[in-house]
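S.K.: Next come the chains, spelled out residue by residue.
2 protein chains.
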Amino acid sequence: MKEKIQSKNLGVFDSGIGGLTVVSQIMKVLPNENIVYFGDTARVPYGAKSEQVIIDYSLQIANFLMSKDIKMLIVACNTATSVAIDALTAKFDIPVIGVIKPGARAAAETTKIKKVGVIGTYATVRSDVYSKEIQKIDPSISVISKPCPLFVPLVEEGWINHQVTKIIAEEYLSPLVKKGVDSIVLGCTHYPIIRKVIQSTVGNKIKLVDSAESTALEIAKTLKEKKILNTLNQTPNYQFFVSDFPHKFDEIGARFLGRKLENVKRVQLN
Amino acid sequence: MKEKIQSKNLGVFDSGIGGLTVVSQIMKVLPNENIVYFGDTARVPYGAKSEQVIIDYSLQIANFLMSKDIKMLIVACNTATSVAIDALTAKFDIPVIGVIKPGARAAAETTKIKKVGVIGTYATVRSDVYSKEIQKIDPSISVISKPCPLFVPLVEEGWINHQVTKIIAEEYLSPLVKKGVDSIVLGCTHYPIIRKVIQSTVGNKIKLVDSAESTALEIAKTLKEKKILNTLNQTPNYQFFVSDFPHKFDEIGARFLGRKLENVKRVQLN
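From first to last, the protein sequence lines are chains A and B. Using the numbering used here, the final residue of the first sequence is 540, and nothing's skipped along the way. Using the numbering used here, the final residue of the second sequence is 540, and nothing's skipped along the way.
Treat the hints as calculated values from the structure; they're not laboratory data. Don't take every hint at face value.
If chains are identical, the list can't say which one is meant, so a pair holds when it fits in one copy or spans any two.
Unchecked claim - Result set (DSS-like, lysine-lysine): computed pairs, CA atoms no more than 30 angstroms apart in a straight line:
#  : residue 1 : residue 2
1  : K518      : K385
2  : K466      : K416
3  : K477      : K298
4  : K416      : K436
5  : K530      : K402
6  : K416      : K530
7  : K449      : K494
8  : K436      : K518
9  : K449      : K436
10 : K385      : K416
11 : K416      : K518
12 : K491      : K406
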């Protein structure tokens, strides 16, 4: 019986393909786990949508993943985590893990001077969840947030090392540097792709916190605690579902996942 | 009976609020007409979505507008026009007008050296509809297209006169200038908002063709031909529906419409 639960899938979703940076980390940390991913590429981006719409979409997707025999639900999207994690946790009785808490914990451990910057979409920044989570851990840490809405389209356009990306990074990030933060949370799954530009813009004294890695470690810890870690030494099975095949999907998907995307199917949730 | 048809609404839709630049022109050219607008703000942008998804969404929206007693359907979105106009025309028996044909006609009339540039989203450029329509009018005109995917997020971020917008415009548009076009079609309803930057980048010798204005004139012509022009000297009724109230909706909407947005309701189509 336990063996049966172990071999079930980790269900991971994102508003698009940015969540593949999280999948990439899970594959590294938990190479035995079977994964089923859903990217809502037909309705991406969630960043500027209202909270009710984001909750509706997240529940739809979670229902779809539940039909794929999953043992844990992972919200690999900062916007969906910040807005919909409570609704998801209330509705499903499997463990639900988002990217915010692990990122907040890593930030609280990283900052030496108790001054943390958070960058993300409008929805993530407005929801103020990173501040709340970080201050739950240590109320003396001050958190300064900054929306960086053009980073996602820049990454999707593939302008990773473009001068424009550098100028925009300068404009978005210089207020955080001026306010003297010593660490910045990359509060959007797209941002690790332009990590180098961000790092060179803020300088090497500021540490960047990538919540994808912290999330993968949190998943491993929870699987162990619940005794549902897949210890069978099998070849893992990866399934990818998207609501649309957008332009340059293969190219961008491979950039996020760090390997070729295979076994991808389109499904419509409406 | 005819009076009853006259006073029916013009049904206008777009993937978001960019189509309000078309509504703004219709209000100027046809001040007596009642208008009902639908902006699919929950699912914007359409630019990178697949053709099937764009067709599905367009049919959903058209069905919604049909329930609002419309006498004409106007697709105020280049992407939806380029991909879905045939499906819409086949399905409904009221006149269906898109932004492509009027823009193509205006471009064919504008170019003196028979060399036209077209800028738009990936979907519009890949569909190649502007070329096809322009060459139907005059096969000797050569058309060079260029996708400008970052223009939409820049407009929505409100970076209208920002140096970054200028640099990106330079990068996107210099190939068109080098190829010697003498007119450029603004093949996306967002682009009139950064018309000044585009004009100063390409220089004053190149004429910009804004299909919103040509579309409003085409609507007027068709209403007259079909004898369904609203000649009743009433105060027009404007209704706006959106699938979501996104961030900065009022601010951005007013920028596109050129006046305050009032009487806006949210509806869900799923």
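S.K.: Now look at each hint and say whether the structure bears it out.
M.R.: Verification of the hints:
no., hint, result
1, K518 with K385, "between (38 angstroms within a copy, 29 angstroms between copies)"
2, K466 with K416, "both (18 angstroms within a copy, 29 angstroms between copies)"
3, K477 with K298, "within (22 angstroms within a copy, 54 angstroms between copies)"
4, K416 with K436, "both (16 angstroms within a copy, 23 angstroms between copies)"
5, K530 with K402, "neither (37 angstroms within a copy, 36 angstroms between copies)"
6, K416 with K530, "between (33 angstroms within a copy, 28 angstroms between copies)"
7, K449 with K494, "neither (40 angstroms within a copy, 62 angstroms between copies)"
8, K436 with K518, "both (23 angstroms within a copy, 25 angstroms between copies)"
9, K449 with K436, "both (20 angstroms within a copy, 29 angstroms between copies)"
10, K385 with K416, "within (14 angstroms within a copy, 44 angstroms between copies)"
11, K416 with K518, "both (29 angstroms within a copy, 16 angstroms between copies)"
12, K491 with K406, "within (20 angstroms within a copy, 64 angstroms between copies)"
The structure fails to meet hints 5, 7 from the earlier list, while all remaining hints are met.
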